[in-house]
Structures are given as structure tokens and as C-alpha cells.
Amino acid sequence: QQPVQSPQAVILREGEDAVINCSSSKALYSVHWYRQKHGEAPVFLMILLKGGEQKGHEKISASFNEKKQQSSLYLTASQLSYSGTYFCGTLKGANFGNEKLTFGTGTRLTIIP
Amino acid sequence: GAGVSQTPSNKVTEKGKYVELRCDPISGHTALYWYRQSLGQGPEFLIYFQGTGAADDSGLPNDRFFAVRPEGSVSTLKIQRTERGDSAVYLCASSLKSSYNEQFFGPGTRLTVL
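Protein chains in written order, with my numbering: chain C, 1 to 113; chain W, 1 to 114.
It is worth saying that the hints were derived from the structure and are not from the lab.
C-beta atoms are modelled at their ideal positions from N, C-alpha and C, and glycine is treated no differently.
There's no promise every hint is true.
[Unchecked claim] Ranges between beta-carbon positions, derived for each pair:
no.: 1; chain 1: W; residue 1: K17; chain 2: C; residue 2: P113; range: 28 to 34 Å
no.: 2; chain 1: W; residue 1: S98; chain 2: C; residue 2: S61; range: 45 to 51 Å
no.: 3; chain 1: W; residue 1: S5; chain 2: C; residue 2: E16; range: 33 to 39 Å
no.: 4; chain 1: C; residue 1: E16; chain 2: W; residue 2: V12; range: 37 to 43 Å
no.: 5; chain 1: W; residue 1: E71; chain 2: C; residue 2: Q8; range: 39 to 45 Å
no.: 6; chain 1: C; residue 1: T76; chain 2: W; residue 2: S58; range: 35 to 41 Å
no.: 7; chain 1: W; residue 1: R22; chain 2: C; residue 2: R13; range: 29 to 35 Å
no.: 8; chain 1: C; residue 1: I112; chain 2: W; residue 2: S5; range: 31 to 37 Å
no.: 9; chain 1: C; residue 1: T76; chain 2: W; residue 2: E20; range: 41 to 47 Å
no.: 10; chain 1: C; residue 1: G15; chain 2: W; residue 2: K97; range: 37 to 43 Å
no.: 11; chain 1: W; residue 1: T112; chain 2: C; residue 2: E40; range: 14 to 20 Å
[Claimed, not checked] One-sided and incomplete, this derived list gives chain W residues near chain C with beta-carbon spacing under 8 Å:
no.: 12; residue: S38
no.: 13; residue: G42
no.: 14; residue: P43
no.: 15; residue: Y48
no.: 16; residue: D56
no.: 17; residue: S58
no.: 18; residue: L91
no.: 19; residue: S99
no.: 20; residue: E102
no.: 21; residue: F105
no.: 22; residue: G106
no.: 23; residue: P107
Given the sequences, and given the hints that come with them, work out the whole structure.
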């Protein structure tokens with residue numbers, strides 16, 4: 001089943017912060033975050049494994065709460081280059097046969113000057 | 001180094017025709033994935049190869065869709081008797097070993113079935 005992301009869309013002014021949430025109805029092993037700009041391929045941001053891990057990439061960080069089957073992506077002091085559609089992808093297990101990455105519904109982020 | 005490449009970038013075909021979409025992954029990547037993306041949606045998993053074998057083909061919508069990776073590098077997605085509902089962007093991705101690694105996506109093939 002497809003993870004649900006919220007919000008569906010958000011508009012920010014440059015320098016503002018945003019949080020994007022990803023929720024699954026199934027137990028998760030890992031959550032993967034990608035950003036896709038219009039007309040381009042998705043680009044990897046980070047992977048979070050179960051264990052309540054938190055990761056950061058410059059001003060973009062994320063957390064994973066496996067008990068709640070949720071992950072959140074945090075964008076601080078947003079830049080124009082952050083615009084795009086953000087997708088979470090989820091994996092159910094760590095073994096052969098559970099390697100199907102299921103992408104979420106997407107969150108469109110627009111940063112305005 | 002070179003990224004994932006896909007050909008053609010655009011394919012327009014008529015309903016009922018057969019099409020082949022090609023993916024050239026990053027050299028040395030053993031895992032290869034095909035996804036389909038419709039406008040405004042996230043990538044939808046179709047099939048995953050580990051080496052030459054299809055490790056998971058549960059996302060293929062029906063038996064009109066088939067994919068091969070005979071030598072463990074280049075892969076071809078084949079669609080028979082195309083239907084208008086097959087129109088979408090078909091994305092290919094590769095990763096070093098498995099889904100637990102970063103996936104590198106190609107630019108996609110936009111398929112339009114008239």
C-alpha cells in the first residue's frame with residue numbers, strides 16, 4: 001500500500017522552514033527520500049533505517065519513527081533550489097523478496113523569492 | 001562517470017503496437033529497477049533485477065509487460081499490444097547492490113500511445 005504524504009503542496013518564501021510527513025499503514029524497515037524537479041528524474045536525498053534514526057544533509061534532515069511507521073523530512077532556511085516534488089519511498093523488510101521500494105503520494109514544494 | 005541512460009527519450013506509438021524501452025545502468029551496478037510514473041504521481045514499481053534474474057516482478061500490471069536483462073547490465077522493457085492507459089514516463093534506476101543502497105534514476109522514456 002502506498003505511503004501517504006502530507007501536505008500535498010506547500011509554498012514557502014526563501015529562508016522559511018518546512019516539514020514533510022510520510023505515513024505508512026504497514027511496518028517499515030527503511031524510508032528513502034527523493035526530490036524530483038519538473039521534467040527531471042528523482043534524485044536521492046537520504047535513507048533512514050529503523051531505530052529512530054535521524055540524518056542530515058546540509059540544511060535538510062529527516063527522522064524515522066518505526067513504531068508510528070512515520071518519517072518526517074525537515075527543510076530549514078529553504079533555498080530556491082529546494083523547489084520540487086518530494087517523495088518518500090518505503091521498504092518493508094531487510095531480506096530478499098522485500099526490496100520493492102514503494103513511493104508515496106508526493107509533496108510539491110515551491111519556494112518563492 | 002556516466003549515469004543511467006534510457007532510450008528513446010520519447011516514443012509515440014499507436015494502440016496495439018509493440019514497443020521496447022532500453023535502460024543502460026551505471027557500470028558495476030548489480031541491481032536494476034523499472035518504474036512507471038504518471039503525471040502528478042510517484043514512481044510506481046514494476047520490476048527489480050538482481051544481476052540477470054528478475055528478483056521481483058510483482059509490479060508488472062499484466063502479461064503484456066515483460067522485461068529482460070540477459071547479461072546483467074542493459075535491460076529492455078517490452079510492452080505488447082499497447083493500450084492508451086500505458087502512456088506514462090517509464091523510469092529506470094540502478095543501485096550498487098540492492099534497494100538498501102541509493103538508487104540512481106535515468107531521465108526516463110515518455111511513452112505516448114495514441
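Evaluation of the provided hints:
| no. | hint | in the structure |
| --- | --- | --- |
| 1 | W:K17 with C:P113: 28 to 34 Å | 46 Å, violated |
| 2 | W:S98 with C:S61: 45 to 51 Å | 25 Å, violated |
| 3 | W:S5 with C:E16: 33 to 39 Å | 37 Å, holds |
| 4 | C:E16 with W:V12: 37 to 43 Å | 42 Å, holds |
| 5 | W:E71 with C:Q8: 39 to 45 Å | 42 Å, holds |
| 6 | C:T76 with W:S58: 35 to 41 Å | 38 Å, holds |
| 7 | W:R22 with C:R13: 29 to 35 Å | 43 Å, violated |
| 8 | C:I112 with W:S5: 31 to 37 Å | 34 Å, holds |
| 9 | C:T76 with W:E20: 41 to 47 Å | 45 Å, holds |
| 10 | C:G15 with W:K97: 37 to 43 Å | 39 Å, holds |
| 11 | W:T112 with C:E40: 14 to 20 Å | 19 Å, holds |
| 12 | S38 | 11 Å, violated |
| 13 | G42 | 3 Å, holds |
| 14 | P43 | 5 Å, holds |
| 15 | Y48 | 6 Å, holds |
| 16 | D56 | 5 Å, holds |
| 17 | S58 | 7 Å, holds |
| 18 | L91 | 7 Å, holds |
| 19 | S99 | 4 Å, holds |
| 20 | E102 | 4 Å, holds |
| 21 | F105 | 4 Å, holds |
| 22 | G106 | 6 Å, holds |
| 23 | P107 | 5 Å, holds |
Of the numbered hints given earlier, the model fails hints 1, 2, 7, 12; all others are met.
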